[in-house]
Amino acid sequence: MRRFELAWLDCDGDHEEYDQLGSCEVDVFDSSFVATCGDFQKPEISAVVISKFRWIGMHVEITPDGSGAYQCGKPGMKGNDVHHLRGVECPTCGRSQQTPSEELFPFSASGHSINNSHQTNDTMNYENLFSSVQRASGLRLRLRLQPMYGAGEIVFPCTVAGGKYLTAPRRIPGYHESIDCTTLDSVQSQANRMEAVLLEDIRSGNLSLPHIETDFSDVDGLEKPVGKITCFDAPHRVFDAIIRDSVDEKGTHFPFTGSGKAAIDATSRNATALLSLSPSSLLFGSWDSTGVSGGLGEKYARCVVSEIVAVNSKIGGREGVRADPLNSSGDVDCVKIAETEKYDIWKNRQAKTKKDKNRASAINHGNIVWDAHGGVTCDYIQQSITISFPALRQLRFPVEGKDEADTSAKGQAVLAAIALHAAALNVERGWHLRSRCDLVLDDGVVPEWEILGGASSKAALTAGETRKILKKAIEEAKAAGLPWNDEPVRLKPSQALAKLVVASQKAHRESTTEA
-12 MRRFELAWLD
-2 CDGDHEEYDQ
8 LGSCEVDVFD
18 SSFVATCGDF
28 QKPEISAVVI
38 SKFRWIGMHV
48 EITPDGSGAY
58 QCGKPGMKGN
68 DVHHLRGVEC
78 PTCGRSQQTP
88 SEELFPFSAS
98 GHSINNSHQT
108 NDTMNYENLF
118 SSVQRASGLR
128 LRLRLQPMYG
138 AGEIVFPCTV
148 AGGKYLTAPR
158 RIPGYHESID
168 CTTLDSVQSQ
178 ANRMEAVLLE
188 DIRSGNLSLP
198 HIETDFSDVD
208 GLEKPVGKIT
218 CFDAPHRVFD
228 AIIRDSVDEK
238 GTHFPFTGSG
248 KAAIDATSRN
258 ATALLSLSPS
268 SLLFGSWDST
278 GVSGGLGEKY
288 ARCVVSEIVA
298 VNSKIGGREG
308 VRADPLNSSG
318 DVDCVKIAET
328 EKYDIWKNRQ
338 AKTKKDKNRA
348 SAINHGNIVW
358 DAHGGVTCDY
368 IQQSITISFP
378 ALRQLRFPVE
388 GKDEADTSAK
398 GQAVLAAIAL
408 HAAALNVERG
418 WHLRSRCDLV
428 LDDGVVPEWE
438 ILGGASSKAA
448 LTAGETRKIL
458 KKAIEEAKAA
468 GLPWNDEPVR
478 LKPSQALAKL
488 VVASQKAHRE
498 STTEA
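End of the sequence shown sits at 502 in the numbering used here; the numbers just go up one at a time, nothing left out.
Be a bit skeptical, because a hint or two may be false.
Here are the computed lysine-lysine pairs in the DSS-like style, where the Cα-Cα straight-line distance is at most 25 angstroms [to be verified]:
#1 K237 x K479
#2 K465 x K248
#3 K215 x K237
No lab work stands behind these hints: they were computed from the structure. If you're wondering where the values come from, they're calculated on a predicted model, not measured in any experiment.
Could you build all of it, start to finish, from the sequences and the hints given here?
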C-alpha cells in the first residue's frame, strides 16, 4: 500500500471546477483507491473507492523519498490551462503541464505511475491487446528475483555439455563494465515450462486450445506407462518424429492425413492450418526438418522468449565423499567373492567394468570422493519475458483463399493472448527450477507487463485475467471465420513406433541392471 496527499479532485464529475479538499490522503491498494479526507470532511467521497470517480488528466509520480509531483488538466478550460498542484516539475520527464485526459485514475497496482511517457493504463483487456499487436513493438515483463533461501545464497544453474554452467559477460545497467552472468533457465527450458502450464490448464478444464496427441495407453508390453504425448510435450512440437510416426483411426500416418498435409504445406503467409492444429508451434518455434518435406518445410521463429539469468555471478566449488555405511574396502577382490555366488547383478556389472573391476566401487559399494561445480552466487536474478508483435504480424491467416487484414489480425491477437496467458501461468506457478534453485520475487516487485512502442503502458495481470483475455480472443477469431479445433487431434503410435518404445524400455531395463 502507498499513501500520498492529493489537493484537488473533481469529485462530482461535472468537469466545471475542482473541489478543494485541503489535504486528502489516498491509499493505493491492489486495485482500489480509497480517499480519506483529513480536517476537511466531504462525506460523499470520504473512504470510498476513488476509481468510481473521473480523474481529469491527473498524473502522479512517486519519488524515492515518498514525496510526489501532481499534475492535472481540466477539459473545457480555456487553452487547457494546467494546474501543477505541487509547484515542482515532474521528476521523471521534467514537464510542468500535461495534455488533459478523461481516463480513470492512471495508477499501477504498486502505486507508481505507469511509465515515463505518461500514457498510462492500469488494466489490459482484449481490445487493448488487439490494438497493440497491430501497432506496438511487443510486450515485456521483467522480474527481479532472489533465491528463496535469501539474497546472496547459492543457487544451482542448468548445466550444458561437460557439466558446465553457461556463463558469459553481459552489459547490465548499473554496472560500469561488463559482468559475468550465468543462465539459470534457458530460453528452450522456459518455453517447455510455458507449454507445460498451458497443457495443465487444458487438462484441468479451464481452457480449450488446438493440439495433437498420441495415446500410448493401448500399447502392449510396456514396462512403464507412457500415456499421452502431445505437441506441447514433443521437442519439435507438431513436426516431431512422435507425431510424424503416429496414425489416425484409419491407420494413416499423420503426415499423409488431411490435417497433416495442411500443416506441412503451411507457410508464414498462410499459417491458418497450423493455427487450427497447434498454435503453440507458431508461438514457440518449429520446423519440419525431418518430415516428408525433406527439410524444406517452413521455419517458424519464436514469438515469445523467456530467460532467467543470475547477474554478476560467481561460480563456487563443491567437494565431498559419498560415505558407504559398510565402509567396504577397495582392497577386497570382489570378483572372487562373486564367483561363489549366483548373483547376476554383481557378475554382470563387473564384466562390463573396464577399470578396477575387482574393487567394491565396480558394484556401487565403497566410499566415493567427488568434486563438481558448487552453484553460483549473484547480486540478483532477472527474468525477462518478451512477446514480439512484429514476429506475430509476419504470420498471415487467410480463410478460403482470402487474406483479409482483419482476419489475420484476429489470428495474431489470439496467438499474443496464448503467449500472455502461458507467461502469466508460468509466473504464478513459481520458480522451482531444479534442486537447490528455488526463487522468489524480490521485495516490493509487482509483475507488470509493459507494452513497448505505440501507446506505451504497464499492467499487472493475473492468470485469471489473461485467461479471460484469451477466451475473448478465441471468440473473436472464430467469429472472423478462422478454423479452431476445441478438441485435440487424436492419434495412436504406428506399429513400428510402438515396437520401438517397447524394445527401448526393455533395453534400458537390462542395461541399467547390468551396467
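Hints versus structure:
no.	hint	verdict
1	K237 x K479	holds, 10 angstroms
2	K465 x K248	holds, 22 angstroms
3	K215 x K237	holds, 19 angstroms
Checked against the numbered hints given earlier, the structure satisfies every one of them.
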